[in-house]
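2 protein chains.
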Amino acid sequence: MTAIKENSTRNFNKQLSAVSCPVTYVMNKIGGHWKPIILYHLSNSPKRYSELKRAIPEITEKMLIQHLKQLQEDDLVLRTAEPVVPPFVTYSLTPAGAKLQPVLNAMAIWGLDDMRQRG
Amino acid sequence: MTAIKENSTRNFNKQLSAVSCPVTYVMNKIGGHWKPIILYHLSNSPKRYSELKRAIPEITEKMLIQHLKQLQEDDLVLRTAEPVVPPFVTYSLTPAGAKLQPVLNAMAIWGLDDMRQRG
DNA sequence: TACTTTTATACAAGTACTTACCCCAAAGTA
DNA sequence: TACTTTGGGGTAAGTACTTGTATAAAAGTA
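Chains as they are written, first to last, in the working numbering: chain A, 1 to 119; chain B, 120 to 238.
Hints should not be assumed to be uniformly reliable.
[To be verified] Just the calculated beta-carbon pair ranges, DEER-fashion:
1) GLN220(B) to GLN66(A): 27 to 35 Å
2) GLU192(B) to GLN66(A): 24 to 32 Å
3) GLN236(B) to GLU61(A): 31 to 39 Å
Since the hints were made in silico from the structure, they are not lab data. Heads up, the beta-carbon is just placed ideally off N, CA and C, and yes, glycines get one too.
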């Protein structure tokens, strides 16, 4: 889990633009390649870690857990662990995360339409 | 302009998931950090290269021109150049790009709301 | 002549993202 | 005993993204 330089020029720039542009603010939170697809799968229903893995077979475990962590830190996803063996961990959307549904839906609609038009 | 390996494992995975998930399809097209903000600025009105640069002061010229190129390849942005000196180049949204407005608007609304709630 | 403007391009270097591979606990099951 | 299941952690390596700096053409202006 390599540390990220928080005071790099890049991060400074990103934060600057987030102040003036709401779209950039959103991208800073869900801009990674996998985050929207994770949120999309969770928006249907809460899921266990292994269910997410099966739902998104293309993602590696490392990426999945890393993005889930970041989504927790951004208060978009809630992690609920039951202290049993084997572990039982459920991920669900927080209220803030649930409010992303219009965004995810608009994306899905556009994606389907664009796919159809291009064959 | 370093070439990108189109047949890397990563790209293969991305394309796989795009087939089954419309949200991932969208991310493959506008998933970069700067693409949505560029599209957002163009959605208000067509803009010259230098206008975009002023509108998004945080982006480097390299990134701006690179993403504009990719957006052209994905048929989301149209480049219109008049053969004068100094050059006069205008960027605008294609019909497919214009259809992204609901997505960009949904993002902006969520971003503003989330910013407000967190102070 | 020298400097400015506009829209870029090229190359090197740094930073972040992603993958690949190996490892663990602790209970249940064959 | 040995193997499976679940939810991860650690490290190294490869790949992509981003920046910084230098460069260009051709007309207009000081």
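Hint-by-hint comparison with the structure:
no., hint, in the structure
1, GLN220(B) to GLN66(A): 27 to 35 Å, "holds, 32 Å"
2, GLU192(B) to GLN66(A): 24 to 32 Å, "holds, 29 Å"
3, GLN236(B) to GLU61(A): 31 to 39 Å, "holds, 32 Å"
Of the numbered hints given earlier, the model fails none.
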